[in-house]
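In case you want the letters, here they are:
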Amino acid sequence: MPSASTPIDWESLSLRFTFAAITAVAIVFLVGPSLIVILTSLTASQSLRFPPDGLSLRWYAALLKADQMQQAAWTSLVVAGWTTFLCATLGTPAALAIFRSHRLWARLFDLLFMSPLLLPALAFGFAALVFIYQLGLRPSIPFLILGHVIVCVPFVLRTTLAALSQLDHALLDASASLGASGWMTFRRVTLPLIGRGVGAGSFLAFMASFDNVPVSLFLADERTEVLPIHLWQQIETNLDVRTAAVSGVIVVITLLLMLVAERFAGLTSQMR
Amino acid sequence: MRDSDLRLVLPLGAIFAVCFAAPLAVLIALSFASDTTMRGLTLDHYVRFITDPFNYSILWNTLLLGVKATLLCLLFAYPIAWIANRARARWQAVLLFLVILPIMTSVVVRTFSWIVILGRQGLLNQVAMGLGLTAEPLRLLFTELGVVMVLAQVQMPLMVLPILTVMSKTDPNLADASRALGAGEWRTLWRVTLPLSLPGVIAGCILTYSASVTAFVTQTLIGGARLVYMPLHIYQQAIGANNWPFAAAISIIFMVAVLCVVALLNLLIRMTPANAER
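Protein chains in written order, with my numbering: chain U, 4 to 275; chain R, 1445 to 1722.
The set of hints was computed from the structure by calculation and includes no laboratory data. Using N, Cα and C, we set each Cβ at its ideal position, and we do this for glycine too. Any given hint could be a false lead.
[Unchecked claim] Keeping only pairs whose Cα atoms sit at most 20 Å apart, straight-line, the calculated SDA-like set for lysine to any residue is: (1) R:K1613 / U:L164; (2) R:K1512 / U:F32; (3) U:K68 / U:L80.
[Unchecked claim] Here are some chain R residues pointing at chain U (derived, C-beta under 8 Å): (4) D1449; (5) P1455; (6) F1460; (7) M1548; (8) S1550; (9) R1554; (10) F1660; (11) V1706.
Here chain R stands alone, though its shape is the one from the complex (with noise of 0.2 Å):
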């Protein structure tokens, strides 16, 4: 090891071990104490969560709303990187560009430009009732459906990436002998195009799930007071409760949680045909 390399490293590392490390590691002392003081030691915070189904049916919606989100994002997410992945470079860094669009653009402004679209009398209402589809208003705006189409929207770039950055290195050679020996295209999609894009894709459902899990604007402006999800109930627990002890404990049930859900996607990677023979 050189010196200078670790000499590199140290003041960012600095900064994370006291404005990171030392934060989190209070938040687990803290969810501890039975109280702000950080007085006396205690499970009744974990027990409280445990014995509560509403704390788990919030932690399972959240869970869940996760894997709708990002299901839908891959839905779009792999024609377009596909589609990019074939296009002459100039169309593909145009694709690109508004795809990343979104994620850009401030959240609580794209946020509030589908409060517009998904109202009362919004956008697609007006349409719906327009083309007679629909006699009543449909209620979109603070339902489930709204707030995972959002999210599939305004995550779509962490998904397109990566699946884009592997199809990039994947040997063209590969689908291109797939087809001379026969198989149609949406077999060689099948058998072989998307087995070795897999390590692209599920690096994509990593950061689309875990951004969207944790979406607090979006989840509270499109979803409402009603439909409550683990950072609203943190932040209500915190801010609004004032029951620190307790908004440390779920805080920190959360994080395990999903770093459970990533960890697995991980461990897939690894047992994705691209990796299995090395």
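With the rest of the complex left out, here is chain U (with noise of 0.2 Å):
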């Protein structure tokens, strides 16, 4: 009980030492795994040890000559590319009419381009191969990006509304009373104070189409192998160190790329 006679308040720093201790506990767990891969990458061994063997460059120097990794890597960014600027044309615009209409269809058109997040993405998968095959056609690259864009476009319009929402109504309505068009206004005023969600969202959007397993799993055959996939399949059948080392490669470029996006997007408050 704190009162004015004891100095100490126990009860408090129990509760302040409770869950600072707690919070140091997990960071070490969510962090500590990608410094071990990082450093499990650099043996000079064979073996995936912790501590590894030696520290050699070596498994790096291999990636070089990957070439079946190197070709999934580059169909990755390719599509993650396209699925991040179709995300980003699509869903801003719908995320600006869902904000400005109080009618029923933008409730109802909010919930279903959410559905994807609560959806389990396999299932969606599977049903756009059954989809497509129905169709007479078969999985292609075109198809993998409209796959993607289902499954990443709600953290575009998560981040989208977020931003709508602190938006000051009153700058808008003066852009207009001053004569400006609805797409001058967008492109002048709106867009500069949403576009940090904007950014957000779609660093989310491609970090997820990179990272997406489920849907490419049934819309990517073996022509055009995914990153994601590849690794997988490299880690169920023999698990060697060179995963290891595109898995630093992987965390450091993600770390990059994660501060830039904070800097100029202020990703971590734009995500809450």
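Using the supplied hints, reconstruct the complex from the two chains, each of which is provided in its own coordinate frame.
As structure tokens, this is what we get:
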């Protein structure tokens, strides 16, 4: 019990200490694995052990010769690039309309566009494959991209809607009353104000697409193998240190991209 | 309604109609068809699921896996959100950055790093044997405990962010008032802060739960081939056994089951004290 006579508030301290301790454990739990995979990939030996037996960059050098892996990485980049472009260009206007309209259809569209986040993605991937076969077609890159758009667009919608809700309506009204057209207002007032939200959402969509397995599993064939599937099969069949080296590369690039996204789009504040 | 607003939604709406609603409709139709050519109308696949205990034990285990992962996640996420809410803006950003890091890193990569840690000669076993806690290496990989741990790590931001959002919007005067009236910190947490943050907790549970039950890569790589959950079951029936109508039926059952859990949790949000007075 806090009271004037006791200088130290033990109860307050105990709560703070408990929560800080749990948070500290959680941070080790969250960040540790990424650090360990990087250190493991620097091993000089053939085996995946931590701590590594000697340090070398040989497995990173081996990546330069891994043609299949490079091809898969390139495919993933192309798919994620197109997916992000489509998510941003289709998602931003949709978010704008959903935000502006208070009608029932806006709520229903919101629910529809968000539902891929809650539905099992693997079931959707399978449904898409069945649908493509029913149409007499075969899986291909354009279908893969469309499938990714469905599961990635909720990220753009979420962050854009959050940014819109912070928007000061007076600014839009001022722009309109000064004679700016709807497009002009959007281009010169709305977009600059919600740009960080759209940017953070696009970043999340890109990462989600680059990382997607459940949809790619069904919509990518042998010819169009994407990186996560390639790595997944590598880990399931023969675990070698090259996989750790790719993981190291991915962790470092992710970290750099996140820092850029944090700097320019305020990633952590946009995700809340 | 302004026509211009509807026009803005239509492109994405059209894509969702063709690439989302239509495939799901075909999936439902296929689940009632007797073969892949979509001829015949039958309930066989659903009957087969219901009458085979193996099938619904998979469904039950999957739904339960989600509960376990969500609870473990909550145990860590709530204190993180509480600390982040009180931290200065700069530290809050650093903390959130660390929390988001795992979910941003490729799922295969983060699962792979856990294989290095949990394996027979992995880091955890080395530490446990080095400290003399165990003579034999512990089996962590290919166990449900391992899957639950990895899922909790990966989905942490999905739990932390909604809780933090609600906490940061709650009037801090309420907690101050509780303390001023003589309630201690723990009591204030239990009687004031926690009830007020419940909508965030439940929203976090919805996201964590639906992500955990469908986490195919984590489930297969950490769980191995013997621990079968619904996503792997669907994949095996669709690609391995090439039994598309049955795979369609279990996909539908799985989706409906997950949506039921989500709907139930959504109902809970409305009953929380923060929303009850409205």
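Hints versus structure:
A threshold of 20 Å between alpha carbons decides the hint, and for R:K1613 with U:L164 the separation of about 17 Å falls inside it, so the pair holds. This hinted pair checks out: R:K1512 and U:F32 have alpha carbons roughly 17 Å apart, not beyond 20 Å. For a cut-off of 20 Å, the pair hint linking U:K68 to U:L80 stands: about 19 Å separates their Cα positions. A cut of 8 Å between beta carbons decides the hint on R:D1449: the least distance to chain U is about 4 Å, and the hint holds.
Checking R:P1455 against chain U: minimum C-beta separation of about 5 Å stays under 8 Å; hint holds. This hint holds: R:F1460 has a C-beta 6 Å from the nearest C-beta of chain U, less than the 8 Å allowed. The restraint placing R:M1548 at the interface with chain U holds, with a minimum CB-CB distance near 5 Å, inside the 8 Å limit. Interface hint status for R:S1550: upheld, as the beta-carbon distance to the closest one in chain U is roughly 5 Å, under 8 Å.
The criterion of a C-beta within 8 Å of any C-beta in chain U is met by R:R1554, whose closest approach is roughly 6 Å, and the hint holds. Of the supplied interface hints, the one on R:F1660 holds, with its beta-carbon coming within about 5 Å of a beta-carbon of chain U, less than 8 Å. The restraint placing R:V1706 at the interface with chain U holds, with a minimum CB-CB distance near 6 Å, inside the 8 Å limit.
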